[in-house]
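Chemist: Protein chains in written order, with the working numbering: chain W, 1 to 227; chain X, 1001 to 1250; chain L, 2001 to 2671.
If you're looking for bench data, these hints aren't it; they were derived computationally from the structure. Fair warning: there could be bad hints in the mix.
[What the hints assert, rightly or not] The calculated label-pair distances, taken between Cβ atoms and stated as ranges, are: (1) X:R1009 <-> L:I2024: 52 to 60 Å; (2) W:W103 <-> X:D1152: 29 to 37 Å; (3) X:S1131 <-> W:L62: 45 to 53 Å; (4) L:K2007 <-> X:N1026: 39 to 47 Å; (5) L:D2401 <-> X:R1009: 42 to 50 Å; (6) L:K2666 <-> X:D1152: 38 to 46 Å; (7) X:N1133 <-> W:S8: 30 to 38 Å; (8) L:R2390 <-> W:S8: 58 to 66 Å.
[Unchecked claim] With the C-beta cut set under 7 Å, the calculated list includes, among others, these residues of chain L facing chain X: (9) N2123; (10) Y2139; (11) L2579.
Glycine is no exception: its CB is placed at the ideal position from the N, C-alpha and C atoms.
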Amino acid sequence: MSKSGPLSSSIARKMAMALSAFFLMFFLLQHLTINMTSVIDGDTFNDLSQFMGTNFLVQYILQPVLLLGVVFHFVIGFVLELKNRSARDVRYVKYKGAASATWMSRNMILTGLVILAFMGLHFYDFWIPELKTKFIDGDWSGMVAGEEGYRYLTELKHKFENPVRVGIYVVSFILLGLHLAHGFNSAFQSMGANNKYTKGLKKFGIAFSVLIPLGFIFIALFHHFNH
Amino acid sequence: MKLTLKVWRQKSANDKGKIETYPIDNISEHMSFLEMMDVLNEQLITEGKIPVSFDHDCREGICGMCSMHINGEPHGPDRGVATCQLHMRKFKDGDTIYIEPFRAKGFPIIKDLVVDRSAFDRIQHAGGFVSVNTSGNTQDANALPIPKADADTAFDSATCIGCGACVAACKNASAMLFVSAKVSQFSLLPQGKVEAKRRVLHMVEQMDKEGFGNCTNTGACEVECPKGISLENIARMNREYLKASVSSSK
Amino acid sequence: MATLDAKIPAGPIKDKWTKHKNDINLVNPANKRLIDIIVVGTGLAGGAAAASLAEMGYSVKAFCFQDSPRRAHSIAAQGGINAAKNYQNDGDSIYRLFYDTVKGGDYRSREANVYRLAEVSGNIIDQCVAQGVPFAREYGGLLDNRSFGGVLVSRTFYAKGQTGQQLLLGAYSAMNRQIGKGKIKMYNRHEMLELVKVDGKARGIIARNLVTGAVESHSAHAVVIASGGYGNVFFLSTNAMGSNTTAAWRVHKKGAYFANPCYTQIHPTCIPRSGDYQSKLTLMSESLRNDGRIWVPKNIDDIEAIRSGKIKPVQIAEENRDYYLERRYPAFGNLVPRDVASRAAKERCDAGYGVNATGEAVYLDFASAIKRYGKEKAIVTGEENPSDSRIIELGEGVIEDKYGNLFQMYEKITDDNPYKTPMQIYPAVHYTMGGIWVDYNLMTSVPGCYAAGEANFSDHGANRLGASALMQGLADGYFVLPYTIGDYLADDIRTGEIPTDSTEFKEAEEAVKARITKFMDNKGTKSVDHFHKLLGKIMWDKVGMARNEKHLKEAIAEIRVVREEFYKNVLIPGGAMELNPELEKALRVEDFLELGELFACDALARTESCGGHFREESVELDGPQKGEAKRDDTNFAYVSAWEWTGDPGQAKLHKEELEFNDIELKQRSYK
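Excised from the complex, chain W in its bound form:
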């Protein structure tokens, strides 16, 4: 039906948003699982990190796809926000949004922007050094010269020494939680899932939005206090 590209209709756009959200939520789960090993067993964490950091599929296929997914989710998010703002050209003098919708659902753009900013920091902390090591220095060994074992856990612990950084991480994760608290079930609703399982799914979504950020926070605090 769509006359000018697959994303011209409002429903198609929200489905695109939902699909990219599913992908990103799955990524979060995967990211948390690997990070969690850093608390449980350093060697496993190092092995997994080396695998993820050097595997062709991960590096050259999944990583770009992930990046695209992130960019796509943000771009569509911004497009939606702009379109939605223009759908009410004159604002209400008095608008009581809180009476009918949660703070989370009304402020996805805000929590999303914080997450975007956080990702900048996160890239600066981990991804850019990693790129430098691998692609500029050409060092794919995962080792630091003169030291034993992989470098990943050491670097991780080092990053979480600074309490300010840990603080920023914690706050960002809380906002991520708020983003997920609406986003998780919203994605399902957008894809048309609303049936007898919806109630259970809602609870699961809340659990997901609490546990995932809580896990990341735990890891950050753990390494901050144990180095």
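Once you have looked at the hints, place chains X and L on chain W.
Modeler: Chains X and L only, in chain W's frame:
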């Protein structure tokens, strides 16, 4: 009761409009909100001023004509009622009440609190019907049994009064609840299934053309809907839309 | 006095309609598109007619004063729609529906029309189901029925308490399909202010665009008036605020006879008035009388105690309650027809037994139904020896399933919980059986001008049965008018488009503009509502539920005074060329003020009591029916059709004698 009303006054579509303040006294708590507006207008006429224009008709919550945004919410603070069934007992003596029109690009203001909701009609023209001609020879009404659960759900969707509170409440001014209620009603009934694909694609296309925003599933529409139309309808429409777009040959 | 020809086809009653359909002229499909039809009003009758005519190929122009055709007041009908389907196997038939309708109308309706109505009633249900109207169904997937006041079978189809809404949305959807195809041109927010006649035929209307204020001419080969009833002549009624008589009255003033204006239905179960600011009354579905018992206290002391708030109604012992309907009408009890129930309530309240501050309310009590259902439910669910409170809990559940939305509506409006304390109800003006006189083809006395639905007078006689208004509106719109109008239009295939620059249109337009200017220039001091309320009070007090010669004569004189005062002293703020609700109201009230007088004159002339028209002078003096309304078939078995002569008080009476060949005239007894 003594109240201070802050009412949006706008002479015409092109006028800029502003909030005017009107003190009002001797309001009984048994009055409906619109009867309070009648009192205000009577007072304005006596003072030689222009009364406030507002849409209203049946005053029993079914025609969907009344459309006021009261203290930041469509149809005011009460739940499950249109403005006409909101009563003054929901307010306190000395309250200040903000009264604005439903605001959305798809609902241009005609005058004061009166908005043009013909976009809703145009969406229905695009497909809100079953293509059956009047004839004394359609099959017998009982020839096609319909499961009670489906008939009941279809009825629940069909109780939408087309007031536009969903659009007014939505931070995105999205019309998804309204459109999905009609799509749902027909998609649940065998009579509507034949044209289901065409219907959902056309109605959504028209909805987008009218300049309504995108649904972000905040759920405000469901909460503010005077008839309690469920968000389930939106999910159902999304499903129908997905099915239709994937399988449509065009 | 002239007599009127209703053009009823000859032959046995059951063959009349079929034969007539076979005999009338048809318009070739290729010619239909050259023919324009104006439909004023988009309720069940207008909406159904507009859609059907457009489907047939005519070019339709539809008008409504609301912002969308979906808002017409048919939407507010709650209870249901009758049809002689006999799905419940309780012996229903076309004849029985026909008989019940004629009897319910107190033998003042036209037999042939009513028979046709009963005949097409089944098709309506088929049509609506095909459109996707979600009627209530049983678990087997088939349609459910309920019974309604005044009849002995279950023939009412319903969609919870919102049947009118669902049927109207069905008609609206059929219209939408045609609007989308360009076959109907829809004029929202337009009000018809004049009928235009060319060479004696209805050829168009003058309408005001309510948004811009522009006065516009619209032409057509035929005009259909489906603008509803005139209950708002009483100011307070269950009609919508905008419901008005202007389209009908303007047609009347252009030569269409107005029939039986005094036949008004006062619905017994409405929420009582709460104060002077009251703008309208809200109906509670008649279905409530299936389970609710109506009573007032027996002792006047209790009344005073209740009014002053010293005791609550639940504290009044069983033996001190007067279940007056059960007392007076043991056979039908609380299920007597509407007119009977309303008058009985008035009788009690006039005697001083009204239970609220205004003295105009009686109780509708669900306590015994709650207990009865609770006990039944306990048996079904197998609960042994349930406590009283458990029984009440179960019973309230059953009542909630049946009437939940009505109870909620009542609570929202009155702030009283009807599960715990009896509802207060009082009769209110609800429907007008009278209307524009039409012949069998639904054509008025102006050639080319038709009237359908509540706007015409045809099918309900002096009293309408519950769930019959929806039936009649849709019958007229879907199944009668589309056929009969072709008979007339067959002569118009060569006429071509009707020009709107003719003298007739120009003159009509100027007359409307002059009326508007006169109002705008008036240097008055009082609002339109002020006069409307004055009129309403006269109508309610003197032309209401019970009428007598003295009061009617007073009413006529008083209405004339109010009318004069209105023209002198009404104040319309704002301008004419903009959205101006006060101007809209003034143009409507102007017509109500004339209609009100004709209404009273008609009531004065009809010295019998029949259906909704009760003359205090005409009651049974003794026998088992003592005190009940007394009909006079010898002198009044006719339709009073009034011709406009320039003054509503001087209208000329034409009689259409009613012949009853298939039904024997009897006294209605509900004892």
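Chemist: Per the hint of 30 to 38 Å, is the separation of the Cβ atoms of N1133 (chain X) and S8 (chain W) within bounds?
Modeler: holds, 34 Å
Chemist: Given a cut of 7 Å on the nearest C-beta pair, is the interface hint for N2123 (chain L) held or broken against chain X?
Modeler: holds, 4 Å
Chemist: Does L2579 (chain L) hold up as a contact with chain X if the rule is Cβ-Cβ below 7 Å?
Modeler: holds, 4 Å
Chemist: Holds or violated: the 45 to 53 Å window for the beta-carbon distance between S1131 (chain X) and L62 (chain W)?
Modeler: For S1131 (chain X) and L62 (chain W) the Cβ distance comes to about 49 Å; the hint holds.
Chemist: Within 38 to 46 Å or not, the Cβ separation of K2666 (chain L) and D1152 (chain X)?
Modeler: holds, 42 Å
Chemist: Given a hint of 39 to 47 Å, does the C-beta separation of K2007 (chain L) and N1026 (chain X) actually sit inside it?
Modeler: violated, 57 Å
Chemist: Given the hint of 29 to 37 Å, is the C-beta distance from W103 (chain W) to D1152 (chain X) inside that range or not?
Modeler: holds, 34 Å
Chemist: Is the hinted range of 42 to 50 Å satisfied by the C-beta distance from D2401 (chain L) to R1009 (chain X)?
Modeler: holds, 46 Å
Chemist: Indicate whether the distance between the beta carbons of R2390 (chain L) and S8 (chain W) respects the range 58 to 66 Å.
Modeler: Holds - the Cβ-Cβ distance for R2390 (chain L) and S8 (chain W), about 59 Å, lies within 58 to 66 Å.
Chemist: Hint check: is the beta carbon of Y2139 (chain L) less than 7 Å from a beta carbon of chain X?
Modeler: holds, 5 Å
Chemist: Taking 52 to 60 Å as the hint, is the beta-carbon distance of R1009 (chain X) and I2024 (chain L) inside that range?
Modeler: holds, 55 Å
Hint compliance for this structure: hint 4 is the single one not met.
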